[in-house]
Each structure stands twice: as structure tokens, then as C-alpha cells.
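Colleague: Put together the whole structure using the sequences plus the hints.
For reference, the chains in residue letters:
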Amino acid sequence: MNTDQVKKLAHLARLSVSDAELEALAKEMDSILGFVDEIQKVEIPDMATVLGDTNIFRDDVVAPIVPTHDLIEAAPMHQDHFVKVPKVIGE
Amino acid sequence: METIADIQNKIQAGERILDIAREYEAKARADTRNIFREVFADIEAQALAAEEILKSGKGTALTGVPVAIKDNILFAEHHAGASSKILEDYIASYDSTAVAALRAAGAIIIGRTNMDEFAMGSSTENSAYGVTKNPIDETKVPGGSSGGSAAAVAAGLAVVALGSDTGGSIRQPAAFCGVVGMLPTYGTVSRHGLMAMGSSLDVIGPFAHTISDAQTLYDVISTYDAHDSTCVPVEKRLAPKELKKHIAVPKGIWNDGVDPEVKANFEVTVTKLKSQGYTIDEIELPHFANALAVYYILMPAEVSSNLARFDGIRYGSRVGEGSIHDLYGDTRGALFGPETRRRILLGTYVLSHGYYDAYYNKAIAVRMVIRAELEKAFETYDAIITPTTPTPAFGIGEKANHPLAMYLSDLYTVPANIAQVPALSVPSGMTVSGLPLGVQVIGPQFGEQILFTIGASIEHIR
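Chains W and R, in that order, are what the protein sequence lines are. Numbering-wise, the numbering used here puts 54 at position 54 of the first sequence, and it's gapless, one number per residue. Numbering-wise, the numbering used here puts 131 at position 131 of the second sequence, and it's gapless, one number per residue.
One or more of the hints may lead you astray.
Said to hold, decoys possible - Simulated crosslink set (BS3-like; lysine-lysine; CA at most 25 Å straight-line):
#1 R/LYS376 / W/LYS41
#2 R/LYS27 / R/LYS10
#3 R/LYS241 / R/LYS272
#4 R/LYS85 / W/LYS84
#5 W/LYS7 / R/LYS85
#6 W/LYS41 / R/LYS263
#7 R/LYS251 / R/LYS236
#8 R/LYS274 / R/LYS251
#9 R/LYS376 / R/LYS241
Said to hold, decoys possible - Just the calculated beta-carbon pair ranges, DEER-fashion:
#10 W/THR68 / R/ASP256: 51 to 61 Å
#11 W/LEU71 / R/ALA26: 27 to 37 Å
#12 W/ILE56 / R/ALA372: 50 to 60 Å
#13 R/ALA26 / W/VAL66: 31 to 41 Å
#14 R/SER56 / W/VAL88: 34 to 44 Å
Unchecked claim - Facing chain W, a subset of chain R residues (Cβ under 10 Å, in silico):
#15 THR32
#16 SER317
#17 PRO338
The hints are simulated quantities; they were obtained by calculation from the structure and are not laboratory data. All values derive from a computational prediction rather than experimental measurement. Yeah, the Cβ is synthetic: ideal placement off N, Cα and C, and Gly gets one too.
Modeller: See below:
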């Protein structure tokens with residue numbers, strides 16, 4: 001992994017990473033990816049067995065939830081009944 | 001150190017819950033090992049509420065019992081931070097189901113305990129608020145990520161505690177601190193109100209001094225909860241009923257990294273179990289050791305998704321004023337610690353176009369191979385036993401700069417999370433220098449009762 005790849009991942013993950021850290025991160029990720037690569041050698045007998053998940057349904061009934069006010073209060077910036085965010089639509 | 005029975009006896013003898021709670025609060029506040037992120041301010045009010053529960057005749061085994069909770073479990077109107085700067089100011093909007101169960105039972109929640117940031121780590125050194133010192137030897141780590149909860153019980157600052165276990169985060173610190181710790185079967189304890197790390201792996205579980213206390217706490221928190229769609233209805237939790245007294249030890253677990261004292265201690269446990277009438281066989285589990293590699297693909301993938309919610313908009317703190325993208329990046333870059341950032345990047349990589357099949361999908365398939373292998377073993381055996389950890393508690397700073405070496409301390413604990421089966425760490429003695437050691441008992445899905453029975457046998461022979 002090179003520093004450009006780390007930079008790209010950091011962008012995808014919305015994570016600012018300083019240029020000084022890129023080199024070390026690339027090395028650490030290489031070492032971890034080198035380790036996990038051992039799974040490539042495992043033979044998978046029957047892929048049909050892979051899906052074990054089942055859908056969980058709940059009744060479509062109204063139930064009490066956490067008051068909206070409390071959730072908005074948890075936001076770092078809020079005003080009245082709204083969460084404050086930077087402008088996201090162009091001029 | 002007091003057990004739940006000791007607290008019950010005190011209450012029976014006429015001691016006020018308020019006095020018991022005050023005594024524990026004083027001890028917790030006097031702690032110098034950084035065990036608690038916060039000792040709660042409303043302990044007296046909780047104690048008075050517990051006294052009311054007792055008076056009304058609705059007392060339970062946990063009424064008046066001081067409990068500590070990990071800093072990633074929500075308690076309404078109390079701070080919860082996952083030991084991360086990004087949640088420094090966050091106050092829980094609601095009770096987690098586990099905390100609601102504790103409160104209904106009349107337990108006293110005395111505080112939230114230090115942990116590796118967002119439960120990522122094996123030592124508490126990844127906490128944004130510094131390492132917790134191991135109460136048994138303060139030069140050592142308490143293990144992690146639930147190191148504060150393990151240390152709180154070991155130091156007698158709480159009678160029992162809750163942690164969360166994604167790859168060993170309850171069992172490994174339990175072994176390092178000399179207490180009992182359990183990973184329940186995935187889906188038996190609601191995660192509603194637990195900050196999600198690896199959603200296909202995370203389970204809330206108990207720390208205690210004894211198997212009996214761990215069971216009492218487990219019984220209280222393991223009810224069905226519709227708020228967690230992965231929670232399994234109680235009637236569907238089917239496990240083998242008859243104890244075969246037949247236990248397996250995986251071959252090939254003794255690699256170079258295993259401390260000789262750990263191996264010797266484990267062999268003593270095996271001998272003693274045999275003397276109790278158990279038959280113990282070494283068996284081939286060829287993919288047991290692959291679990292760690294599977295884990296370091298699936299877990300970061302889930303972490304990168306789950307931690308996307310910490311964006312500087314909805315919770316906690318915000319850094320930066322520029323565009324929305326700068327705000328996301330600056331908040332997350334400045335307030336997540338190095339290990340959290342490493343895992344988010346790793347997860348983003350294994351989920352990205354071009355690598356998804358080679359890593360994520362392949363890991364899912366290997367996970368199923370491991371799970372099938374364990375299921376097959378449980379047709380013949382009640383349980384699989386291993387040491388809980390390859391080494392006793394390591395020194396503070398010893399592995400802090402070696403992520404991969406730190407990851408290897410989860411070698412024995414990770415397979416149970418990968419297979420979504422329960423596992424218990426039971427204290428099994430000490431090293432020559434006085435550090436605790438633990439033995440791990442892995443059971444079949446919903447086989448908690450089997451684990452408690454075998455755990456009690458180990459506890460008994462110690």
C-alpha cells in the first residue's frame with residue numbers, strides 16, 4: 001500500500017489524516033493485510049452454506065420512542081428544533 | 001472482596017442499602033488506577049430507589065448490589081463516551097436495555113469504566129483518557145477493551161460489572177485481572193443502547209468474582225428485547241441438556257508466542273478436570289487459528305460502517321467550520337484516536353470496490369467454515385477449552401506501538417465471536433510472579449448452562 005492509496009481511503013472514510021502520518025499508516029496496514037491474507041488459502045467446501053441470515057419482522061404498531069427533543073439536544077450544534085449544519089447546497 | 005451473596009447477607013442483617021452504596025462510592029472515588037471514567041453523582045438516589053424496591057417486596061438478587069458499567073453502555077441522562085474525545089460531551093438520551101434491566105432489579109450503577117476507545121484494543125491504552133492500571137500489579141495493563149470493568153471488580157470497587165466482547169474484550173481482561181468474565185451467545189443479551197462496534201460480533205456480558213455471580217447477572221440481562229433485531233426469543237434458545245463430561249482441546253494452539261507458565265497452568269487445569277471425571281481429548285480444529293485473520297477483516301469492515309455515525313453532526317463534539325466534507329474529516333481526524341482511525345481505514349479498504357470479494361466475502365465464507373467446524377465438535381463434546389490468553393497481563397507500553405502483536409493477544413478468544421457461541425473465562429491460578437491466569441471454556445450456541453457447570457468445576461478445583 002502506498003501513501004496515495006491511504007490518502008484515497010482517508011477521503012472515502014471522511015477522515016483527515018496528516019501527510020506526516022501517511023507513511024506509517026501505509027506500513028501498518030500492509031503488515032495487517034499481510035497477516036489476514038492467510039484466509040486466501042482456506043478452501044471453501046460449499047458456498048451454498050454461506051447465507052445463514054433470516055429476516056426479522058416486527059408488528060407495524062406505534063410504540064413510544066425517545067423524545068425528538070432529547071435526540072436533537074445531543075447534537076453538537078442545534079437551534080430551536082433543528083440540528084445546525086454547514087450549508088450543503090451551492091450558491 | 002464481596003460477592004452478591006455477601007451484599008444480600010448484609011442487607012438481611014439490617015444494613016441499609018444507602019450505607020453499602022456510600023461505602024462503594026467512597027472506594028470508587030478514592031481510586032488512583034484510572035478505573036472509572038466517572039463515578040456517578042446520583043448513587044444515593046439510586047440507593048434510595050433500591051430501598052423502596054426492597055420495601056415493596058419486589059427485591060431481586062441484585063437489589064442494592066453495586067454494579068459498574070463500561071463507558072459504551074447507555075444510562076439515560078448520564079454521560080457515555082466510549083472513552084473517546086468525539087463523545088466527550090455526549091449524554092445518553094435513553095437507557096440501554098441492559099441498564100434498564102439492572103435498574104428494574106434494584107442494582108446500584110456506581111459509574112462508567114475506562115475502556116479502549118470504542119472497544120478497540122486489548123489493554124485500555126487506546127482510551128483517550130489514559131491507561132487503567134491492573135489492580136493486581138500496577139505496572140501491567142488490565143487487558144481490554146473492557147479493562148476498567150474487569151479492574152473495578154478485581155479491586156472490589158464494584159461487586160459485578162458489565163462489559164462488551166467483540167473479540168475477547170470481556171474474557172481477556174477477566175483473565176488479566178483474575179476475575180470471571182463471560183461472552184454470552186450472540187443474540188441472548190440485547191445490544192439496544194450499546195455503542196455498536198462490530199455488529200455481527202458484539203455481545204454485552206458480565207464480570208464477577210464467582211461463576212454464580214456471573215450467572216445471576218447474565219440471567220438479569222438476557223431477556224428477549226424487540227429493540228435489538230438480532231435478539232433471539234427465549235423459546236428458540238435451544239442447547240444440549242445432558243452433560244457428557246467430555247471436553248476437547250484444539251491441537252496446534254501452542255505456538256511460539258505462548259508463555260510456558262500459561263501452558264503449564266493449563267495442563268494443571270486439564271489434569272484436575274480429569275480427576276473430576278471429565279474425559280479430555282485433543283482434537284483437530286484446522287481452522288480455529290484462522291479466526292483471527294477473519295476477525296481482522298470483518299471487524300474493521302463493521303467498524304468503518306458503524307463509526308460513520310460519528311460525524312460531528314449528530315453526537316458529541318464538532319471540529320472545523322468549513323464545508324460539510326471538511327467538517328466530517330476534521331472532526332473525525334481530530335477526535336478519533338490512532339487505533340480507531342487505523343481500523344476505519346482498514347475497514348474502508350476491505351469493503352472497497354475491487355477488494356470486497358477477496359477480503360470481505362472470503363472472510364464471511366471462512367467464518368462459516370469455522371462455525372461448522374465448532375458445531376461438529378459440539379456434537380461430541382460439551383465444550384472446548386483453551387487458555388484465555390497466550391500470556392499473562394503485559395506491561396504498560398510493552399505492545400502499544402505494535403498493533404499486530406497486540407492483536408495476537410486475542411488469538412484464543414476471537415473464535416467464539418466468529419462462531420457466535422458463548423465462552424467463559426475462569427481464573428485458573430497465578431504465575432510465579434503473582435499474575436492471574438485464566439482458562440477459557442467455549443460452549444455450543446445457547447450452552448451457557450454448560451459453561452456455568454464446567455466453570456464451577458474449574459472454580460471448585462482451583
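Colleague: Taking the earlier hints as the rules, which of them does this structure contradict?
Modeller: When the structure is compared with the hints, numbers 6, 7, 12, 14, 15 turn out to be violated.
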